[in-house]
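Undergrad: Residue-level listing of the chains:
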Amino acid sequence: MNAIPDPIRAGLARGWKVSGGPHGAPPEAITCDVAIVGSGAGAGITAELLSAAGLSVVIVEEGPLRSSSDFKQLESEAYPALYQESASRRTADKAIGILQGRCVGGSTTVNWTSSFRTPSSTLQYWRDHFGLADMSDEAMAPWFQQVEQRLSIGPWLALPNENNQLLRTGAARLGIPAAAIMRNVKGCHNLGSCGMGCPTNAKQSMLVTTLPAALDRGARLLVQTRVQRIRIDGQRAQGLECVPVALNGARAAGPGTSITARHVVVAGGAINSPALLMRSRAADPHGLLGARTFLHPVVLSAATFHQRVEGWSGAPQTLYSDHFLEVDAIDGPIGYKLEAPPVHPIIFSLTVTGFGAEQAAALRQFPHTHALLALLRDGFHPLSVGGKVGLRSDGSPELDYPLNDFVMDGARRALLSMAEIQFAAGARTVTPSHELASPYATWAEARAGIAALPMKPLLTRVFSAHVMGGCAMAGSPEQGVVRPDGNHWQLQGLSVHDGSLFPTSVGANPQLSVYGLAARLATGLAKSLTGQDVRLA
Amino acid sequence: MKRRTLLQLGVVGGTLVSLAGAGLALTRPGLRDGRLTPAGREVFAAVARAVLHGVLPAADPAAALQGHLDRVDATIASFPPAMQAELGQLVTLLASPPGRLLLTGLQPDWPDASTSQVQVMLQGLRVSSLPLRLQTFHALRDVTNAAYFADSGTWSVMGYPGPRAV
Numbered sequence: 423m424n425a426i427p428d429p430i431r432a433g434l435a436r437g438w439k440v441s442g443g444p445h446g447a448p449p450e451a452i453t454c455d456v457a458i459v460g461s462g463a464g465a466g467i468t469a470e471l472l473s474a475a476g477l478s479v480v481i482v483e484e485g486p487l488r489s490s491s492d493f494k495q496l497e498s499e500a501y502p503a504l505y506q507e508s509a510s511r512r513t514a515d516k517a518i519g520i521l522q523g524r525c526v527g528g529s530t531t532v533n534w535t536s537s538f539r540t541p542s543s544t545l546q547y548w549r550d551h552f553g554l555a556d557m558s559d560e561a562m563a564p565w566f567q568q569v570e571q572r573l574s575i576g577p578w579l580a581l582p583n584e585n586n587q588l589l590r591t592g593a594a595r596l597g598i599p600a601a602a603i604m605r606n607v608k609g610c611h612n613l614g615s616c617g618m619g620c621p622t623n624a625k626q627s628m629l630v631t632t633l634p635a636a637l638d639r640g641a642r643l644l645v646q647t648r649v650q651r652i653r654i655d656g657q658r659a660q661g662l663e664c665v666p667v668a669l670n671g672a673r674a675a676g677p678g679t680s681i682t683a684r685h686v687v688v689a690g691g692a693i694n695s696p697a698l699l700m701r702s703r704a705a706d707p708h709g710l711l712g713a714r715t716f717l718h719p720v721v722l723s724a725a726t727f728h729q730r731v732e733g734w735s736g737a738p739q740t741l742y743s744d745h746f747l748e749v750d751a752i753d754g755p756i757g758y759k760l761e762a763p764p765v766h767p768i769i770f771s772l773t774v775t776g777f778g779a780e781q782a783a784a785l786r787q788f789p790h791t792h793a794l795l796a797l798l799r800d801g802f803h804p805l806s807v808g809g810k811v812g813l814r815s816d817g818s819p820e821l822d823y824p825l826n827d828f829v830m831d832g833a834r835r836a837l838l839s840m841a842e843i844q845f846a847a848g849a850r851t852v853t854p855s856h857e858l859a860s861p862y863a864t865w866a867e868a869r870a871g872i873a874a875l876p877m878k879p880l881l882t883r884v885f886s887a888h889v890m891g892g893c894a895m896a897g898s899p900e901q902g903v904v905r906p907d908g909n910h911w912q913l914q915g916l917s918v919h920d921g922s923l924f925p926t927s928v929g930a931n932p933q934l935s936v937y938g939l940a941a942r943l944a945t946g947l948a949k950s951l952t953g954q955d956v957r958l959a
Numbered sequence: 067m068k069r070r071t072l073l074q075l076g077v078v079g080g081t082l083v084s085l086a087g088a089g090l091a092l093t094r095p096g097l098r099d100g101r102l103t104p105a106g107r108e109v110f111a112a113v114a115r116a117v118l119h120g121v122l123p124a125a126d127p128a129a130a131l132q133g134h135l136d137r138v139d140a141t142i143a144s145f146p147p148a149m150q151a152e153l154g155q156l157v158t159l160l161a162s163p164p165g166r167l168l169l170t171g172l173q174p175d176w177p178d179a180s181t182s183q184v185q186v187m188l189q190g191l192r193v194s195s196l197p198l199r200l201q202t203f204h205a206l207r208d209v210t211n212a213a214y215f216a217d218s219g220t221w222s223v224m225g226y227p228g229p230r231a232v
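Respectively, the protein sequence lines represent chains E and B.
Counting with the numbering used here, you get residues 423 to 959 for the letters of the first sequence.
Counting with the numbering used here, you get residues 67 to 232 for the letters of the second sequence.
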């Protein structure tokens, strides 16, 4: 029996209004002040603030409600239950594998806790290029402070695990500094299983913070319920049309729910939010919807060491380097941020390349394997325009993100940087995640080998865990789907409060950027709807 | 098969399209109701013998393979409808002799192919210049690995001890 109290089960026992899936069919019609699509980073912050203003709130989540007593640290359970498309969401040409959450709490339930304020250089670019005059460090600071306090975001004081230490050791020998990553945790047991749902409730995701606060104030939560479209009457959003869905996303039996609301907040995340607006035939006079969707494309490097590394064990991503984001201008050759991700069996088997004996040899080295990743900062150079969301015939979204030479040049430089750091740290072998790469035994061999690799999509293994953009915020309707206050440029009664707002990639793990921006926008929305000033607990 | 994918096929695609147009019997679907048919299982069994060579247990590999194929079913069942449809089209194509030959070049039928013949075929897909062949390689390999290593009984070969004590 799990001795750790489950705050979600306790809340359900206290009478939280949760319906959908195993919690009973929702009513066929609901009326409320604000309907929120999604239950992730932007939705949770919005739900807490709006309910604090006394508004009646309904939150609609297409994934299931799972909590600490369900989280057994098993990929086989986590990927189908908690992730979009069973953790197998891919871009249209299949070249990029996307990890995105799909459950109550959204991606915050399955992310690796890394918390960075929006970089100053990113905010500067948004002011300069997207008419966002109020997106300054000074203007955003109080919002970051508020959410950092609310979500226990602070420095991780325990010793980084070996997987992270090796990043710092190798980088230091090359004169490259690595710093500590802030994490949204309280009483963390240092397990390393964040990506499968935190079994101890230490991770301060939306699931255990803002959503319980909203539900305790009487907000309603519909789960395993997908918003098919927003009802739009002329120039005004009127509510949501929702249908029950099974765990694999297929339409389930049941009549569905029609929600009528004074205001709709779309917070389903990038890819999903633009797709919803497309299904709803929302006005899009400048063809911006779904365009400029960014991914921080990730390439990986696996190294073997004499000592055990055990990359599955210990808090993930506790050290990072931004050195390669600062070598060139933000709108120059694509830069990249280095981190050390957690690795578990399934994800490791998908990262190593090859099959048969080649793969078996790499897998046997798992306990001695060091994993490094590079997040490419896309969206700032004219040749980095990201991807475009489209709808399949069944209404489901698909992202078409062609990996062009500009981005793949950055991928090559990132593979070189990671190999050099890993050899500097004492690696026996380094194998970039590329179909034509074999384990290199020296930095000289790696440098020559990587320089000769054809950096093509599908030969290079590329992932993404950060989906951004597609409903850009901007100071003019020619550049933005929404205004600087989060309201839609053309439609009344409609806001977007999630990562799809970002006009470029963030250049850092995005959760804190979403929290800070959503806090600012939702506080403004609460004020405009009720006249009240609210803040997070 | 999606139109965009067909357009990337070039010569191979033209031939596949004309086969389908001529109504050549692709009557052995690879998936039915989201589960592998016997024909689909033959495809994934041959692929598993090749991809998992070196990790399949030496003692009773047949039982390990059956367990793996059941997990492939569960993996596919967890996919959303659009992904199931796409994978189903691919497996149906692979399960048919003309599709298998055109897409992969594998001469013998799946149950008759040796592990090394399937491995040579997979390597050809892996480094092909045709996007559809690269995509086929990744689909077959990734589904195989994700399904196989979902089971805790497969972890000892990787030296993974399982979930952390809470």
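It is worth saying that the hints were derived from the structure and are not from the lab.
Note that the Cβ used here is the ideal one computed from N, Cα and C, for glycine as well.
Take these hints with a grain of salt, some might be off.
Stated by the list, open to error - Which bits of chain B does chain E cover? Going by a derived footprint, with three or more residues having C-beta under 8 Å, they are:
no., stretch
1, 109-122
2, 141-148
3, 163-175
Unchecked claim - Here are some of the chain B residues that sit facing chain E, going by a computed Cβ distance under 7 Å:
no., residue
4, R98
5, Q185
6, L188
7, D208
8, A212
9, A216
10, W221
11, G225
Undergrad: Quick one: which hint numbers does this structure break? Sort them smallest to largest.
TA: 3 and 4
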